[in-house]
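Chemist: Protein chains in written order, with the numbering used here: chain A, 1 to 307; chain Z, 308 to 385.
Everything labelled a hint here was simulated from the structure, so no lab data went into it.
Hints are supplied without guarantee of correctness; some may be wrong.
Derived lysine to any residue pairs resembling SDA-like cross-links, with alpha carbons at most 20 Å apart [stated by the list, open to error]:
1. Lys-35/A to Gly-359/Z
2. Lys-241/A to His-347/Z
3. Lys-241/A to Asn-224/A
4. Lys-241/A to Ser-372/Z
5. Lys-35/A to His-366/Z
6. Lys-35/A to Arg-357/Z
7. Lys-35/A to Asp-314/Z
8. Lys-35/A to Thr-311/Z
9. Lys-241/A to Gln-383/Z
10. Lys-241/A to Val-362/Z
11. Lys-241/A to Glu-365/Z
12. Lys-35/A to Glu-312/Z
13. Lys-35/A to Asp-327/Z
14. Lys-241/A to Leu-377/Z
Here are some chain Z residues the structure puts well away from chain A; computed CB gaps all over 10 Å [to be verified]:
15. Thr-309
16. Asp-314
17. Asn-317
18. Phe-326
19. Asp-333
20. Asp-336
21. Ala-340
22. Ser-344
23. Arg-357
24. Gly-359
25. Gln-369
All residues carry an ideal CB built from backbone N, CA and C; glycine is no exception.
Here is how the chains run, residue by residue.
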Amino acid sequence: MIGIGAIAVEIPAGRISNLARADRYGASEAFIRDKLGFLEVARKPPEQETSDLCVAAARRLFDSGMAAPETTDCAVVVTQNPDGHGLPHTSAIVHRKLRLPARCLTFDISLGCSGYVAALAAVGGMMQAHGMRRGLLFTADPYSKILNESDRDTALLFGDAATVTELTDAPRWTFGAFDFGTRGDLCDAIRVGPDGKLAMNGRAVLTFAAVSATGSILRTLENNGLALDQVDRFVVHPGSKYMVDVIAERLQLPGGIPFYARHYGNTVSSSIPLMLGTDLAESDRIVLIAGFGVGLCWATTVLRRVT
Amino acid sequence: MTITESDIRNAIRSAAPLFDVDTLADDKDFFAAGLDSLDHAMVLLRLLERHGLDVPDEHIAQCSSILGILEYAAKQSE
């Protein structure tokens, strides 16, 4: 069965302090700390391309000895901010830079914050169906390419990062049943406008997360035969601290849901693998992952540690 | 759909537990009183879920006080 073998991450060293610039946006320190939750956001250098972030993450994975480029059957990049103008696809550029084998399928997936979880299903299912043994699933959506830095609704939220997940037939984590969905009637709530800049209806996204993400988490638990208290860790997309807190409250989770993104920001499709790669404990056996955002789409599943 | 001042105060209390809703005047602007846009969004979500009051984005500015919400709700039920 195809599942997750290893995860490596690349967070650019550059940071912008939200606390230092709060005044400029008319935001209080309390609002930054307690509501947005992002004390600083990660920023790549302008010349660093999306594929470069992917390659940096892959180098860490290969250096760890957990995966090797020559045994890669497929390489998929989840992004809506590809290299250049999007043609060729970023995964082909990654393929060239990493010198992956010729018999390695590459394609990109255009999804935002739900992208990682949806891609686990899409790529994992494809690999299972076609006898592929090892794949690389990248997430890299550097929103700094499309941010209007004077827009309070977005500039304080988004950070740059990339991740790579090794999908393998000898996994350390397997997937459970998934729950997917789209509210296409709300697709304009997160969009790039004619000026090439990101625009977001924060109220629509927050309401969507409160209702649809919470519902998806509850359905996912039911579909996997689990109760809330059987989950060791909830890894919920950190749209903001407030959003995560609202979901925890609506789920009636007494301990809340941890918020890990304080020092790098909302990294879109990289947020969940980033937390999986850096914040899990050895004692975590069942982990629920929930992504939601652009589309407005959601994707949720449960990971089980292979013992 | 009938919404009362008490319903709105309960929605605020639920969405922003640390906010002093008991001393909030009916005509006081939420943002001037210290609520932020995130709290406001959750107040309106609670009113939608509990009382069926749907406030589209184009009417949200009108619903930034208890009185404003009561007036908006009254118009919707006419």
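Chemist: State for each hint whether it applies.
Modeler: Here is what the structure says about each hint:
For the proposed pair Lys-35/A and Gly-359/Z, the alpha carbon gap of about 27 Å is over 20 Å, so the pair is violated. Restraint check for Lys-241/A and His-347/Z: the C-alpha separation of about 16 Å stays at or below 20 Å, so the hint holds. Taking the CA atoms of Lys-241/A and Asn-224/A, the gap is about 27 Å. The hint is violated against a cut of 20 Å. Taking the CA atoms of Lys-241/A and Ser-372/Z, the gap is about 25 Å. The hint is violated against a cut of 20 Å.
With a C-alpha separation of about 24 Å, the suggested pairing of Lys-35/A with His-366/Z is violated against the 20 Å cut-off. Pair hint Lys-35/A plus Arg-357/Z does not hold up; C-alpha atoms about 24 Å apart against a cutoff of 20 Å. Pair hint Lys-35/A plus Asp-314/Z does not hold up; C-alpha atoms about 25 Å apart against a cutoff of 20 Å. The hinted pair formed by Lys-35/A and Thr-311/Z fails the criterion: a straight-line CA distance of about 29 Å is larger than 20 Å.
The hinted pair formed by Lys-241/A and Gln-383/Z fails the criterion: a straight-line CA distance of about 34 Å is larger than 20 Å. This hinted pair does not check out: Lys-241/A and Val-362/Z have alpha carbons roughly 24 Å apart, beyond 20 Å. The straight-line distance between the Cα atoms of Lys-241/A and Glu-365/Z is roughly 26 Å, outside the 20 Å bound, and the hint therefore fails. The suggested pairing of Lys-35/A with Glu-312/Z is violated, with an alpha-carbon distance near 27 Å, which exceeds 20 Å.
The hinted pair formed by Lys-35/A and Asp-327/Z meets the criterion: a straight-line CA distance of about 18 Å does not exceed 20 Å. A threshold of 20 Å between alpha carbons decides the hint, and for Lys-241/A with Leu-377/Z the separation of about 30 Å lies outside it, so the pair is violated. Here Thr-309/Z stays apart from chain A, with its beta-carbon at least about 23 Å from theirs, past the 10 Å limit. The claim that Asp-314/Z is not at the interface with chain A holds, since no C-beta of that chain comes within 10 Å of its own (minimum 19 Å).
No Cβ of chain A approaches the Cβ of Asn-317/Z within 10 Å, the least distance being about 15 Å, so the stated non-interface status holds. Distance check on Phe-326/Z: its Cβ is at least 13 Å (rounded) from any Cβ of chain A, clearing the 10 Å threshold; non-interface status holds. Asp-333/Z, annotated as away from the interface, keeps every beta carbon of chain A farther than 10 Å; the closest lies near 23 Å. Interface exclusion of Asp-336/Z from chain A stands, the closest Cβ pair being 15 Å apart, more than 10 Å.
With a cut of 10 Å on Cβ distances, Ala-340/Z stays outside the contact zone with chain A, its closest approach being about 14 Å. With a closest Cβ-Cβ approach of about 7 Å to chain A, Ser-344/Z is found to fall inside the 10 Å limit, against its non-interface label. Against chain A, the non-interface label of Arg-357/Z holds: every CB pair exceeds 10 Å, the least being about 13 Å. For Gly-359/Z, the shortest C-beta to C-beta distance to chain A comes to about 14 Å, beyond the 10 Å cut-off, and the non-interface label holds.
Even its closest Cβ contact with chain A, about 14 Å, leaves Gln-369/Z beyond 10 Å, as expected for a residue assigned away from the interface.
The structure is inconsistent with the numbered hints 1, 3, 4, 5, 6, 7, 8, 9, 10, 11, 12, 14, 22, although it conforms to all the rest.
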